[in-house]
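S.K.: The listed protein sequences correspond, in order, to chains A and B. Following this note's numbering, the numbering of the first sequence begins with 40 at its first residue and continues without gaps. Following this note's numbering, the numbering of the second sequence begins with 46 at its first residue and continues without gaps.
Careful, some of the hints might be misleading.
Claimed, not checked - Below, simulated SDA-like cross-link-like pairs (lysine to any residue); rule was C-alpha separation at most 20 angstroms, straight line:
1. 137/A with 52/B
2. 81/A with 40/A
3. 81/A with 82/B
4. 63/B with 122/B
5. 81/A with 95/B
6. 63/B with 104/B
7. 81/A with 99/B
8. 81/A with 156/B
9. 107/A with 52/B
10. 40/A with 156/B
11. 137/A with 156/B
12. 81/A with 116/B
13. 137/A with 63/B
Claimed, not checked - Over 10 angstroms on every C-beta distance to chain B, these chain A residues come out as not near it, computed from the model:
14. 88
15. 111
16. 143
17. 148
Note that these hints are calculated values from the structure, not bench results. Even for Gly, the Cβ is constructed at its ideal location relative to N, Cα and C.
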Amino acid sequence: KQEVTQIPAALSVPEGENLVLNCSFTDSAIYNLQWFRQDPGKGLTSLLLIQSSQREQTSGRLNASLDKSSGRSTLYIAASQPGDSATYLCAVRGSWGKLQFGAGTQVVVTP
Amino acid sequence: EADIYQTPRYLVIGTGKKITLECSQTMGHDKMYWYQQDPGMELHLIHYSYGVNSTEKGDLSSESTVSRIRTEHFPLTLESARPSHTSQYLCASTGDTSVYGYTFGSGTRLTVV
Numbered sequence: 040k041q042e043v044t045q046i047p048a049a050l051s052v053p054e055g056e057n058l059v060l061n062c063s064f065t066d067s068a069i070y071n072l073q074w075f076r077q078d079p080g081k082g083l084t085s086l087l088l089i090q091s092s093q094r095e096q097t098s099g100r101l102n103a104s105l106d107k108s109s110g111r112s113t114l115y116i117a118a119s120q121p122g123d124s125a126t127y128l129c130a131v132r133g134s135w136g137k138l139q140f141g142a143g144t145q146v147v148v149t150p
Numbered sequence: 046e047a048d049i050y051q052t053p054r055y056l057v058i059g060t061g062k063k064i065t066l067e068c069s070q071t072m073g074h075d076k077m078y079w080y081q082q083d084p085g086m087e088l089h090l091i092h093y094s095y096g097v098n099s100t101e102k103g104d105l106s107s108e109s110t111v112s113r114i115r116t117e118h119f120p121l122t123l124e125s126a127r128p129s130h131t132s133q134y135l136c137a138s139t140g141d142t143s144v145y146g147y148t149f150g151s152g153t154r155l156t157v158v
């Protein structure tokens, strides 16, 4: 059974610092990995989608890496802003059919 | 613009009422999902569908039911709402092949009083 773990569970940084969020998964037979952002009481917004054949994806200040063989992905957010405060979720899609989520990392960026 | 829509955004309803949460997507996706999420907690899959007339129960047992009569529409129904049903309900869809990511709706926050 696929298990997805996100570390740390919570993170507080001053504005301008870079954020590093970690995601690990136990079954490397994945199709892709997706990073989401969730604001309190809201739905999930897709940030980056990395296919299993890719090493990384970039969008603006966001960069996500994927090491499938070791079961790890890292989301980097450069020069954090208070608007980056949210919960960040990683999720993997594999042959088991359904999306498997981590518990999330709650991020607070202080001005 | 291709997207997934959920209505209503917020719903406050009395105990015993029947409710239907709507979810529609314009992307032609065959696979659709319903998740339940309590505040500050993880998402739990409660229903999914891989196409018209196909529905399955998810990992978390739920008293709700779903139907899939049209590809774009995946409504969730509670026949008799109870306070224990108070939660946020999120709908999602994805394409058939593994290259697709998941798209989520904005959610419905349900409060049963």
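S.K.: Is the straight-line distance between the alpha-carbon of residue 81/A and that of residue 82/B 20 angstroms or less?
M.R.: holds, 10 angstroms
S.K.: Below or equal to 20 angstroms on CA atoms is what counts here, so check residue 81/A against residue 156/B.
M.R.: Holds, at roughly 15 angstroms.
S.K.: With a cut-off of 20 angstroms on the C-alpha distance, tell me whether residue 40/A and residue 156/B pass.
M.R.: violated, 33 angstroms
S.K.: Could you check that no beta carbon of chain B comes within 10 angstroms of the beta carbon of residue 148/A?
M.R.: holds, 19 angstroms
S.K.: When you check the alpha-carbon spacing of residue 137/A and residue 52/B, does it fall within 20 angstroms?
M.R.: violated, 24 angstroms
S.K.: Quick one, are residue 81/A and residue 99/B close enough, alpha carbons at most 20 angstroms?
M.R.: Roughly 28 angstroms separates the two Cα atoms, so the pair is violated.
S.K.: Would you say residue 143/A is clear of chain B, with no C-beta pair closer than or equal to 10 angstroms?
M.R.: violated, 7 angstroms
S.K.: Run the distance test for residue 63/B versus residue 104/B: straight-line Cα separation, threshold 20 angstroms.
M.R.: violated, 24 angstroms
S.K.: Would the hint linking residue 107/A and residue 52/B be met if the CA-CA limit is 20 angstroms?
M.R.: violated, 38 angstroms
S.K.: Compare the distance between the alpha carbons of residue 81/A and residue 116/B with 20 angstroms, and conclude whether the hinted pair is satisfied.
M.R.: violated, 25 angstroms
S.K.: For a C-alpha distance cap of 20 angstroms, please report whether residue 81/A and residue 40/A respect it.
M.R.: Violated. Residue 81/A to residue 40/A sits at ~29 angstroms, over the 20 angstroms cutoff.
S.K.: Has the given pair, residue 81/A with residue 95/B, been kept, meaning a C-alpha gap of at most 20 angstroms?
M.R.: violated, 25 angstroms
Figure legend: structure checked against the earlier numbered hints; hints not met, in rising order: 1, 2, 5, 6, 7, 9, 10, 11, 12, 13, 14 and 16.
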